[in-house]
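Put together the whole structure using the sequences plus the hints.
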Amino acid sequence: MGKGGQSHEENMAAWLVGINTLKIQPFKLPPLGPHDVKVRMKAVGICGSDVHFLKTLRLADFVVKEPMVIGHECAGIIEEVGSEVKNLVPGDRVALEPGISCWRCNLCKEGRYNLCDEMKFFATPPVHGSLARQVVHPADLCFKLPDNLSLEEGAMCEPLSVAVHACRRADIGPETNVLIMGAGPIGLVTILAARAFGAPRIVIVDVDEHRLSVAKDLGADGVVKVSTNMQDIPEEVEKICEVMGAAVHVSFDCAGFNKTMSTALTATRAGGRVCLVGLGHNEMTVPLTPAAAREVDIIGIFRYKNTWPLCIELLRSGKIDVKPLITHRFGFSQEEVEEAFETSARGGNAIKSSSGRLTRESGIIGVALGVTNPLVVGWWRSPKDGTVHCATKGQAERVHLPARQWKQTL
Amino acid sequence: MGKGGNSHEEEEENMAAWLVGLNTLKIQPFKLPPLGPHDVRVRMKAVGICGSDVHYLKTLRCADFVVKEPMVIGHECAGIIEEVGSEVKHLVPGDRVALEPGISCWRCDLCKDGRYNLCPEMKFFATPPVHGSLAHQVVHPADLCFKLPDNVSLEEGAMCEPLSVGVHACRRANVGPETNVLVMGAGPIGLVTMLAARAFGAPRIVIVDVDDNRLSVAKNLGADGIIKVSTNIQDVPEEVERICKEMEARVDVCFDCAGFNKTMTTALSATRAGGKVCLVGMGHNEMTVPLTPAAAREVDVIGIFRYRNTWPLCIEFIRSGKIDVKPLITHRFGFSQKEVEEAFETSAGGGSAIKVMFNL
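Heads up: the protein sequence lines correspond to chains A and C, in order.
Be aware that the first sequence starts at 1, since it is given in my numbering, and climbs by one per residue.
Be aware that the second sequence starts at 1001, since it is given in my numbering, and climbs by one per residue.
Hint data in this document are derived by calculation from the structure and do not stem from the laboratory.
Treat the hints with care, as some may be off.
Said to hold, decoys possible - Using 20 Å as the maximum straight-line C-alpha spacing, the simulated SDA-like pairs for lysine to any residue come out as follows:
#1 Lys1123(C) <-> Arg294(A)
#2 Lys323(A) <-> Asp147(A)
#3 Lys109(A) <-> Pro1177(C)
#4 Lys109(A) <-> Arg1297(C)
#5 Lys1112(C) <-> Glu175(A)
#6 Lys109(A) <-> Arg1272(C)
#7 Lys1245(C) <-> Asn106(A)
#8 Lys1112(C) <-> Gly173(A)
#9 Lys1112(C) <-> Arg269(A)
#10 Lys1326(C) <-> Asn1213(C)
#11 Lys1112(C) <-> Arg294(A)
#12 Lys1045(C) <-> Val1066(C)
#13 Lys1031(C) <-> Pro1128(C)
#14 Lys1123(C) <-> Gly271(A)
To be verified - Chain C regions said to be covered by chain A (calculated; three or more residues, Cβ under 8 Å):
#15 1282 to 1293
#16 1302 to 1311
Note that CB positions come from ideal geometry on N, CA and C, so glycine has one too.
Written as structure tokens, this is what we have:
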């Protein structure tokens, strides 16, 4: 029997029920175990993987075979705690680490629990996600937020964790000059994490100028516009080294394509490391041998482990500010959920947008994030009066347009 | 002025095996540079042939290195000190030594960091334009000459060079008593890697190859399991299954000592989550491999280029008997025009030839 809790309303969630089809439907919660908590969701971000599942019902070897609740980047307020839970009470504001490991296998016991075969992860089929009013989750995966951190920032801990994990595995420090391939959401959080780990110089590349200017605003020392053309690699590597003004010690490929990996392997200095963070194509054709012959190692990144406390501390102390990444906000209604995902699926400048804030309707907001196709999306609806605001390079201008009309002009 | 050495009247003309054109070796005079204060002059006694020597012979190039003018071949060597420079304290004429081929600059960041094998100014025997050591005598820095204990032969001294590649790879891959090892390719490098892995404590070692003979040599050298594989990329899933069965455990570290799409693909698929794949073999420039699924299991790819600080350890392994390289020496030749040509043909022919050794 749990402690705390409100009178029981029907729990609702955003379900992936078919290709490109999301439906807000009832979501029956499991009973509260002694080590579990019940969390009222307040902020949920949308990740590229969520969009991918929506569009294709699959991701790598994971296949959506039956309706599944979407979403995994989340934060909320504790409503009820299991009988054995000591460190949390109802009312606590927490950020959630999505994945539940088995804690019995060798990998878990070694601490590499992110690689657990039995991992149960929000919105990786067949495990339901967290774009819902409430979820039940192990208390040890709920991390209390300090007073000066918002729930939106709490939800941002999830993408930020990918970057923090990558910086740890790549051993970023005050002597590692960093190159980042791709200024999408993951590339951008990687800038922030690398800086927090002490990287002295950070250069980021992308095909899109708008993303590069966002990256510059977030603190990149240099930006380089690159092409999708393999032939341009030698010239681009030269530009990169010029802009870096020094050797590239570590490269993060946050896109994960032949071109980006080839550029990374070529641009990184002998004895350096290339971190493959982005999961693009299954098979890749890259100049592996010349890289190996310079002892440039390739480090794989899969999600994260033991990153929430550090992310929270980096945010609390102001060493990292994720708020500029939050550019779009939506409410939790059938229409808005569809709009949010539709917006992101149309593609875009993939400015990382995430998080949630209370709307007039409910407490949940999802965020659209373009991953697969370029899309210029810079609007959000004010929760106060429903007017649409245009966000361009972080500036908001009020535009009195009905939402649908605004979409057509884009 | 150096110490020791023959009187000038007795100075014979130094001869070496020169690569003078495609597939053309000639024994010709090789004028030695003057002996610096920190150098030694070594009379070569044992020189092994490496795949890279053969590659230069056959193509006059290796990766970005191109033979533009005649070059002395050979780099796996050991010999006897004949003369020492004025500042040399730890060696005297008569000492038997194994030579580490590469002279680094010791001024750049990489050298000062200890990763001197990656020095951009590296001068390495038989990597153009630096002359090799298949010669009567060479001049070399004394600090790159390692004294051999009495129970280690000069041939075993020369074997320290290929063995060093295996040792360096085992260090970078962190092989120890808990790492089950898979080796792709049972050629000379696969075999020394297997010997090194065992010396580092690897509990189980499985080796794969397309050739039955090589596999049986590997078995005799102590492989726990051997698997015959194909060159057909479609066979990867089935071969991975057989490998895991033969290992009876997970593959923690895999050494690709061949360096082809098929071997790398198999390695990346067979290695457990969180494990490491060491790319030792240098096959093709560009490779097409399932990199993403491997990265998504945090299987890291570790590059290996030659070695660093390996001679003392190799010599100790051989001295103590922890490693026995003698079975790898399958063919021996003398140093004459005819034998040099025959030796390289034998080495290039593969088959039962593992290490072809010159005795000078």
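Against the earlier hints, flag every one the structure doesn't satisfy and list their numbers going up.
-> Structure breaks hint 12 only.
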